Amino acid sequence: MIDLSNKSILITGGTGSFGKAFVKKILNKWPDIKRLVIYSRDEQKQYQMGMEYPHQKYPQVRFFIGDVRDFERLKRALKGIDYVIHAAAMKHVPIAEYNPMECVKTNILGAENIINACLETSVEKVVALSTDKAAAPINLYGATKLASDKLFIAANNIRGTNPIKFSVVRYGNVMGSNGSVIPFFLQKRKEGVLPITDPNMTRFNISLDEGVDMVLHALETAWGGELFVPKIPSYKITDVAEAIGPNCKHEIVGIRPGEKIHEEMITASDSFSTYDLGKYYAILPQLPKWNIADFMNFFKAVKVPQGFYYNSGENNEWLSVDKIRQLIKQHVDTNFKV
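Per our numbering, the sequence shown starts with residue 1, numbered consecutively.
Simulated from the structure, these hints should not be mistaken for lab results.
For clarity, every value in this text was computed on a predicted model and none was experimentally measured.
Hints are supplied without guarantee of correctness; some may be wrong.
Claimed, not checked - SDA-like cross-link-like pairs, simulated, lysine to any residue; straight-line CA separation at most 20 Å:
no., residue 1, residue 2
1, Lys236, Ile252
2, Lys91, Lys323
3, Lys34, Lys105
4, Lys25, His217
5, Lys20, Pro31
6, Lys323, Ile206
7, Lys105, Ile65
8, Lys7, Lys323
9, Lys303, Trp290
10, Lys25, Ile2
11, Lys323, His217
12, Lys303, Lys236
13, Lys75, Leu151
14, Lys20, Met49
15, Lys25, Pro54
16, Lys323, Gly313
17, Lys289, Phe272
18, Lys231, Lys323
19, Lys300, Pro230
20, Lys45, Asn178
21, Lys29, Tyr53
22, Lys75, Arg35
23, Lys329, Leu151
24, Lys24, Gln48
25, Lys188, Glu242
26, Lys34, Ser5
27, Lys91, Ile255
28, Lys45, His55
29, Lys24, Pro54
Using the sequences plus the hints, can you model the full thing?
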């Protein structure tokens, strides 16, 4: 396990659901961390989070107002930082469709700013968060995150003699995160009606804690250029509705613009460079800066069959209605009852 004692970490978008879970875990596990910088542009969220981590009690936690679109501000924030977790993104699919260039500026140009600012400072490792929507994207959000993934992977080719390593983690719907289906259904069940986009819809599911563990895994093990994908269960949207509101009316409303019935995290085209690492898959770069045979030996990795793909509708592991209820109580709402 990586040791973050006396290290300095900056997390972009640090006031979001992932950022809060990441900060909580880091402080619990490594209270002697040197600095933990929360970088985001929402002053209200920073104020609220600052109330949880007052400077008198948590002097290692710093709050830095800034936007990933602002290169100079990023460079200032990254002074003395060892590791960067890039979680900032414009994520809401319909809003991105309506405001396309704003999504491009944050998700693509912001990624480029992170890369260049890290290359110009003393950052050692960067882990960027991706999304299942970046695999064979059909909406702008997914397309911008695919471009972001490519930028971070290719950044390993332009680092020169700089020992910095860039890697990416990609996973599915985070249980209980802002804007996700479970908090939405928990709210809507008070009205007695749960809107179902399509009864055949499925999604991958991961808890915030599992997402944090995956980022720490990448931070510890990445050679530079890998895109890590976890082996996680799927759920049916109808099972989520049954778990949360069995006595509610389930109203079919149709899929929203830019949505898929099933999500993919690895496409068949990715199979040529995808390896099974046990708990995770890794999509390796087309032009790695290291020997693939050495990588396979080190991780005991196995190349997946040609044509392999990882799809939420054809997954081998599924969450039952009872398991969904258990996870909601564990990860989303401890007072949850049916």
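Hint check results:
1. Lys236 / Ile252: holds, 14 Å
2. Lys91 / Lys323: Violated - the C-alpha atoms of Lys323 and Lys91 are around 27 Å apart, more than 20 Å.
3. Lys34 / Lys105: violated, 32 Å
4. Lys25 / His217: holds, 14 Å
5. Lys20 / Pro31: Distance ~15 Å between Lys20 and Pro31 Cα, so the pair holds.
6. Lys323 / Ile206: holds, 13 Å
7. Lys105 / Ile65: holds, 18 Å
8. Lys7 / Lys323: violated, 38 Å
9. Lys303 / Trp290: holds, 16 Å
10. Lys25 / Ile2: Holds - the C-alpha atoms of Ile2 and Lys25 are around 13 Å apart, at most 20 Å.
11. Lys323 / His217: Distance of about 26 Å is beyond 20 Å: violated.
12. Lys303 / Lys236: Given pair Lys303, Lys236 is violated - Cα atoms ~29 Å apart, limit 20 Å.
13. Lys75 / Leu151: holds, 18 Å
14. Lys20 / Met49: holds, 8 Å
15. Lys25 / Pro54: holds, 17 Å
16. Lys323 / Gly313: At roughly 18 Å apart (the allowed maximum being 20 Å), Gly313 and Lys323 satisfy the hint.
17. Lys289 / Phe272: holds, 17 Å
18. Lys231 / Lys323: Holds: Lys231 and Lys323 sit about 17 Å apart, inside 20 Å.
19. Lys300 / Pro230: Between Lys300 and Pro230 the Cα gap is close to 16 Å, so the pair holds against 20 Å.
20. Lys45 / Asn178: Given that 20 Å is the threshold and the Cα spacing comes to 13 Å, the pair holds.
21. Lys29 / Tyr53: Roughly 16 Å between the alpha carbons, so the hint for Lys29 and Tyr53 holds.
22. Lys75 / Arg35: holds, 16 Å
23. Lys329 / Leu151: Roughly 38 Å between the alpha carbons, so the hint for Lys329 and Leu151 is violated.
24. Lys24 / Gln48: holds, 14 Å
25. Lys188 / Glu242: holds, 13 Å
26. Lys34 / Ser5: Answer holds: Lys34 to Ser5 is near 7 Å, not above 20 Å.
27. Lys91 / Ile255: holds, 17 Å
28. Lys45 / His55: Between Lys45 and His55 the Cα gap is close to 16 Å, so the pair holds against 20 Å.
29. Lys24 / Pro54: holds, 13 Å
Hints 2, 3, 8, 11, 12, 23 from the list above are not met by this structure, while the remaining hints are.
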